[in-house]
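Enquirer: Produce the complete structure using the sequences and hints provided.
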Amino acid sequence: MTRKHLTADGGTGGASGRGRRRARRFVPLAGLAVLLAACSGEQNALAPAGPFAQGPQDLIVWVFGIAVVVFVLVQGLILYTSWRYRRREGDDSMPEQVHGNTKLEIVWTLIPAMILAAIAVPTVQLIFEQMDEPEGDVLTVEVIGHRWWFEYYYPDYDIYTANEMAIPTDMPVRLEMTATDLARSPDLGVIHSFWIPRLAGKQDLVPGHTTYLNLQADEPGRYLGQCAEYCGLSHVNMRARVVAMEMADFETWVAEQQAPAAVPAAGTLEARGRELFGDLGARQACASCHQVWEGEGLRGPAQGPDLTHLWSREEFAGAIHDLTPENLRAWLADPNSMKPMQYEVNGIGMPNLNLTDDELDALTAYLETLD
Amino acid sequence: MTAVAPSTSMGLDSRKLGMWTFLASEFLFFGAFVSAYLLYIDETNGGPGIEIFDIPFTSVSSFVLLMSSLTMVLAHNSHVRGDLRRMRLWTLATAGQGMVFLGGQVYEFTVFYREGLDLTQSPFASSFFFLTGFHGAHVAIGVLLLLGLYSLSLTGKVKVGQDVKTEMVGLYWHFVDIIWVIIFTVVYLIPELRV
Amino acid sequence: MASTTAAAETPRLRPSKPTGFLSWVATTDHKRIGILYFWTVLAFFFIGGVESSLIRAQLAQAELSVLTPEIYNQMFTMHGITMVFLVVMPFAAAFFNYLLPLMIGARDVAFPRLNAFSYWFYLFGGIFLYSSFFLGGAPNGSWVGYAPLSTNAVSNMAFYAVGIQILGVSSLASAINFIVTIINMRAPGMTFMRMPMFVWMTLTTSFLLLFAVPIIAVALFMLQFDAVFNAQFFQPASGGDPILYQHLFWLFGHPEVYIMILPAMGIVSEVMPTFSRKPLFGYAAMAFAGAAIGFIGFGVWAHHMFTSAIGPVPRSAFAVATMFIAVPTGIKIFNWVFTMWGGRIRFTTAMLFSVGFVSMFTIGGLSGVMHAIVPHNAQQHDTYFVVAHFHYVLFGGALFGLISGVYYWFPKVTGRLMNEKLGKVHFWTWLFGFNLTFGPMHMSGLLGQPRRTAVLPGELGATVELYNLLSSLGVVVLAISASIFLYNLIRSIRSGEASGDDPWDARTIEWMTATPPKHHNFDVIPVVTSRDEFWHRKYAESEEGIPVAVPVGASVDEESDAGHDEHIHMPDPSLWPAIHTLGVLPLGYGLVYANWLLVGIGAVWMVAGMFGWIIEPLAEGDDDEPAVAGAAAH
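The listed protein sequences correspond, in order, to chains A, B and C.
Just so we're aligned, residue 1 is where the first sequence starts under our numbering, counting upward by one.
Just so we're aligned, residue 372 is where the second sequence starts under our numbering, counting upward by one.
Just so we're aligned, residue 567 is where the third sequence starts under our numbering, counting upward by one.
Hint data in this document are derived by calculation from the structure and do not stem from the laboratory.
Careful, some of the hints might be misleading.
As the list claims (entries may be wrong) - Sample of chain C residues facing chain A (criterion: CB under 8 angstroms; computed from the structure):
#: 1; residue: 932
#: 2; residue: 1013
#: 3; residue: 1048
#: 4; residue: 1052
#: 5; residue: 1113
For each residue, glycine too, the CB sits at the ideal point set by N, CA and C.
Expert: Dropping the structure here:
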């Protein structure tokens, strides 16, 4: 399968990763007000790219405006007072002993209260607008937080994928989110937070609860985000991506994801890899945690990311590494060196399977066929 | 030595004021436990729930604890009157009733444990044992205080005219009683109405 | 002075020497306990500063690996715990201890030995927390310790749960002590509305502690039993709810914010009038605004949970409540500015820090209102924007105020002045370094940088990297500035200029007595006839309200001052508080390691210590009777 994922820059490929830098717009150091309107990076909360990010932005801009006015007035008053009433050299006179002024007290109680009341009304309105289920056609995606990767399940299409969520543009997406639990994995489930700043604010994933988040992208592109609730050792390595594409492209993507994985021809290196995937002898087999669905039986949730169409994704390992054969081979050889995990301590993450060079070659070759 | 009236701003003994302040804080402590219990009352995780309670048994031990407040008042009254012998008697009686209550709680916990309700069973179990267990710990500390008061009065450290000491222990003891009234109502009686 | 005549007859465990190591261990003098608090705080402030430097070193550039993720996670957790529980709160306690009895005209606090107990619990709690570094690693679950992450067996959060519990006991005991002291031990004539504003804020803070600490105690007990004894409070698998922990934590945690800021507000309310030579503007409004902040502070906790699993109705309710807590805060800010208005402001270092407090705190307040815009809070929450906000409140706010207090009351404690030139260098570098460190964080947060990340992801972009570099450079400035402060402190203690009893022409009665104060504070307890009593003894007011100095002694009605009793009862030193509290260490380790033998040893130790405490009279030759308890003059 060819890569369809567009980056926000309009180019293809160019996934992030250590050492590789994406083209960015540089913003010179300027005043806060200027920067509020500026746009830089694909994880920028100040550059909304959809209505669920735009609404809060529009509200905060004028609240920020009020804050700037208050800031200037109060700081100006402090500076003016400090300057005007500083004690001059040799001045030993005494000031009048003023104890207070009830009228002033009432003024600076009521005026802030009225300003805040004015802010409160649209805030409360928007809270409900943001949280209500969108009307019309809505795509539902279930998001499950694991230590340390996001899993996505499309109930309408029976698709499992990880790290990268494909969505159509111009259509609201309703995320139903929770965290994994003991029934599924040794990860007993901790709180995560799903955050794609350009598409919507963040919402926590709480084990035992279902939380909801609406997002929508106006333009095709690759939108970056990451887990925003501290979730332990590799919290920073738990990234999220949303890949928005035109509806036609999305439908193609769905069809490809729904297809079973390709089975390599017998006798090839890839076929050897497929065997190893299912059986590593005394070592834990890949298949005990990862699913490659070949069309038989039920496609269900697995403990680790679903690999049926691994090579349709651009990044792996919590979306911190570009998915290249070299990176994947290094990962299989020693996962902890590429992402700190706790498999030895409590079974969370990918174990080091002590694979030989031959096994690594075969497994990498096989996984490359899963597009 | 004769007692000199304390010259405090409010004319109230500082130690008593301190005890009142402390007890105000304790109300919040138990309030949080009660909230957790109410939240988890149905979260039994397949284990035993409120049906496990033996209301008649707990009613009896609750009655004993309530009566101990009466003997506590009598102990304080005796002390105020200067009758240290009676004060000691009533103090011991109070401590004794406290110990009966504790014994009842130990028995109750043992029975529940045998019936499959232990701390690690469910949120309901955890919050039940925490709420009643921390109350039990407060009763145990109260018993220690009462026994301390008793022995100090024997050795002459607590004298006639120093009834504020008995009063302090009494304040604490009544508080522990009041908390039990709340716990007994919330934990045992109100859920019973739903069954 | 203390009556020690009976000491010879009854050999007791009581050091009698007024100097030396043992005299500090056994001290029950609120002033010495205050000094102990101060130096302990400085030590922990240094450690917390080192931790923050390591954090900033790691984040100075993208993808650095100065620290491993595990160590980084321990560092930011311990930095938070240290600065909140081991620095800002006890820093305020140092001031409460030293000043409160002096400001209300008392000879000591209501329960001097309980006061020592609070200090030792604080010290041992801090040592206990830090011992975790040598016992398998420090807590690594952030200072909020959210369940179920912190109940996971891999985390070291049992030390957190027990350590904070110990510190909570210390805070609770202090709160009770200060509440009783303020309510019950004011000098004659010192009505509530004549109390210095600092005393008002102490009272409000103590009540907040009184009602907030038991709630965190419950949360920590649950957390610890989940982590160590497999209880099921927050385990979703069996029906437990992680959100309960968040509610309990923040029901404590938000009042905690005001517990940290109100003492600083009290200090600023003392410093500003003195150096403006005007009374505090709107005294009653200030007192009630403080109380209102404390009261509303219990009703806004869920604004820390706007992105958690709570619905739109609580989000709206807590948003509105949060906005309106800005009203009493605004009242305070305007009253401070109008205290300066029309004055003759002397910009000493103490005054500069107070003005800096008002200015920086305003910034933190404004970003706080922005947080209350719930839909956009979803963008700000758990980013560096929030980190910037609470550092403007706690560093730019609380710490500026507390340092202002150090410069202001240093002469009271030592009889010497701190060097003003060094002080001003300290202030300006501190202000600059602070803004350089935390100002850019507003931007890096909005540009998408979450907090508590062990590396700065390169994909965030060069702009974010630049802001992070600036923040890291700011820490260097702050470190230099802090060194200047420390140098000034030590140099001034040794060879500072003598201050005299009243170097600032101050207004409140702690400056009426000797400097440094004698053990019993006042030879004669003053009878208070007005707010700013000392000022009114020095100045009469002309018809236009202009103060006119009065001849020495003319306005002081010596006859009316109370406490001519020549025999002043003071509590004697006692080793029992230190001995008793030492038992908390085996108890704590026992609870962390589920070792019942250690728990037993600790419990028996503490009960035995308590018994020794109870049977030892407060003062030798005294029968432990009410009049002496609390050292009230009679």
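Enquirer: So, for every hint listed, does it hold in this structure?
Expert: Verification of the supplied hints:
no., hint, result
1, 932, "holds (4 angstroms)"
2, 1013, "holds (5 angstroms)"
3, 1048, "violated (25 angstroms)"
4, 1052, "violated (27 angstroms)"
5, 1113, "holds (4 angstroms)"
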